[in-house]
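There are 2 protein chains.
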Amino acid sequence: MTGDKKAPIRPLAPGSVIGIFGGGQLGRMIALAAARLGYVCHIFASEADCPAAQVATHATIASYEDRDALRTFAAAVDVATCEFENIPVESVRLVAEQIPVRPDWKVLEVAQDRVQEKTFFNTIGLETAPWRRVVGQGNLARAISELGRPSILKTARFGYDGKGQVRIDDDAHLGHAWHHISGTGGGVGVLEAFVDFAQEVSVIVARGIDGAWSAFDPTENTHANHVLQSARVPARVPVFLTAAAVDAGHRAAEALDLVGLLAVEMFVTRDGRLLMNEMAPRPHNSGHWTLDACLTDQFEQCVRAICGLPLGSPERHADATMTNLLGDDVVRWLDILGDPSARLHLYGKKETRPGRKMGHVTRLVPRSVATSP
Amino acid sequence: MTGDKKAPIRPLAPGSVIGIFGGGQLGRMIALAAARLGYVCHIFASEADCPAAQVATHATIASYEDRDALRTFAAAVDVATCEFENIPVESVRLVAEQIPVRPDWKVLEVAQDRVQEKTFFNTIGLETAPWRRVVGQGNLARAISELGRPSILKTARFGYDGKGQVRIDDDAHLGHAWHHISGTGGGVGVLEAFVDFAQEVSVIVARGIDGAWSAFDPTENTHANHVLQSARVPARVPVFLTAAAVDAGHRAAEALDLVGLLAVEMFVTRDGRLLMNEMAPRPHNSGHWTLDACLTDQFEQCVRAICGLPLGSPERHADATMTNLLGDDVVRWLDILGDPSARLHLYGKKETRPGRKMGHVTRLVPRSVATSP
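As you go down the protein sequences, you meet chains A and B in turn. Here the first sequence is numbered in this note's numbering, starting from 277 and rising by one per residue. Here the second sequence is numbered in this note's numbering, starting from 277 and rising by one per residue.
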């Protein structure tokens, strides 16, 4: 998986144009960080007035498959990155013929496919829950006989936030289960052994063009209905595990020859092992606390990495808990603004839908030296 | 000076549109803070592609005297504020007929005119250097005989960053001096007795619609060629003086019935008195360190105040020194990015001119509890 070593590249000077595939809140927060460093942003998104385009100087609103629009976009920017990983790889490759896209499309390809992703983790010696590739109902039955029940059937591609996955319990109807996921991801699934984990943690690693790298303190995450609900730092896990989480993230970033950010989500088993769950080559919801508690936040770090700048200090000056504002949670905005320890972040989304990520709030408390990794 | 008491006003909800008069870096940083809270910004500026418009969703590029453009702008926003105080008061009044402008145009009027400003300070019991209103060369000679030499002759209006001021030394040619300043500000000047001050400090006070107020820790400022060079916090002055500076800022904000921010610059005399120098009803260059060292920065505080939100905590988690990047200073951007304690802020200005504010850098060090006020 190690890509070709790139020749040393001059840092992109402020005033250069950063292209961002995707118009959501991650793109918005990359754009805000880029603006602070004097860069100009150009969003490529499928929806006008999206969160990122609202704060960027330029926007191309077009289909991600529109080759003319992609070429024009490429001609207008100096470097490009993805704020979500389900951009068609072909589109990214097309743009990469004209300008650097960081991380590389090969990283995107791995992250888009659970089979490739899990194979990658295992190949570099990182443990995952036992898993099987599944390509049909018969195949599924055999995988279940090997991994047992309960287990989780997931689409290999285009799944996120719990979409395209189903739990296989004792009474599961395999035909229904297979039907549920096979429509989403092109007929390939992954069956994962059920992990009765103690905690979920994640780490975000940044890596520069020169191979320099840096990690934020791992966070402890809570999900509800497969959607991240909150992330707290420091994670309440032993120091050896936070160190192991950072090491795993770093090894993955190295093996991918990553330039940019890599977020890796992991399970902590009850017997103290780390099992890799999934990864995303971009800023990550579980790292939003860095905006308020770190010298350099994950979005600035992303900009630094993709522009060939020195990475910033990820040092943390406070303990933090980040809570997502999902759907109607956002009606509490005024109460949150009245809490002196809270920092509110809203994403400019006009329509509130159940479960939609409308914003987040970070609550800071003085740093607890003893428990930090 | 106390304005009419306003009726309680409901907070402006996120998604509302904040109009900003002026397109410079202060407007840019207000817009970035507003975006984080989910507000939409609309810049009214005379130059396209200005720093603020680059990061705002909407922009009106027109003359500040264009009444049609002003009315259309007013119809498109929910509240407006000024990012610099030399917007024509008439234009602000026009917009204020349609929507709230905060701070009020009456505050702007005082801040635009050194005669009104100094009269205001003195009226509420705040000391200034001795001063005289000057309306011609003969008048100037009498004022000099009263205040002595050296003294400083300043235009009453439209002066900033040392423009429109001249020092009157023993060998000064009064005709030349008067000619130098009288063209800038409409033929009225102010002669100020020379203050051989020990330090310059400033304080930024926020005040809400409900009269709640909050102040950032006062900073100690260094000027070069009349332009702010650096600001450090905590100021190296006795605690009683930082308390007095906050009190002075608060009294001024109260007396103006201010809604928004008020920055007051002061001299510390060698015998330990505070002399008011000037004030600006907006975020201030000497408060840029709050972006990196405070829970709530001055730009967010400005947004909170003008939108009728609760003010945020101005608590400071680090000591800080903010240094302006003037003109070619900005070529050091890459070195600054390599300093782990430095936070770089660039303003998106395409043309570097001598002395032009291109950006700033804040250097943080762990908080020194002992010397903070």
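No lab work stands behind these hints: they were computed from the structure. Nothing here was measured: the structure is a model prediction, and the numbers come from that model. Note that the Cβ used here is the ideal one computed from N, Cα and C, for glycine as well. Be aware that one or more of the hints could be misleading.
[To be verified] FRET-style restraints, in silico, Cβ to Cβ:
id	chain 1	residue 1	chain 2	residue 2	range
1	B	H502	A	Q475	56 to 66 Å
2	B	E323	A	T628	31 to 41 Å
3	B	T628	A	A352	22 to 32 Å
4	A	A351	B	A324	13 to 23 Å
5	B	E323	A	A352	46 to 56 Å
6	A	D615	B	D445	47 to 57 Å
[Unchecked claim] Covered by chain B, according to a simulated footprint, are these stretches of chain A (three or more residues, beta-carbon under 8 Å):
id	segment
7	285-298
8	617-631
Going down the list of hints, with the structure as the test:
no., hint, in the structure
1, H502/B <-> Q475/A: 56 to 66 Å, "holds (58 Å)"
2, E323/B <-> T628/A: 31 to 41 Å, "holds (37 Å)"
3, T628/B <-> A352/A: 22 to 32 Å, "holds (23 Å)"
4, A351/A <-> A324/B: 13 to 23 Å, "holds (22 Å)"
5, E323/B <-> A352/A: 46 to 56 Å, "violated (22 Å)"
6, D615/A <-> D445/B: 47 to 57 Å, "holds (55 Å)"
7, 285-298, "holds (count 4)"
8, 617-631, "holds (count 8)"
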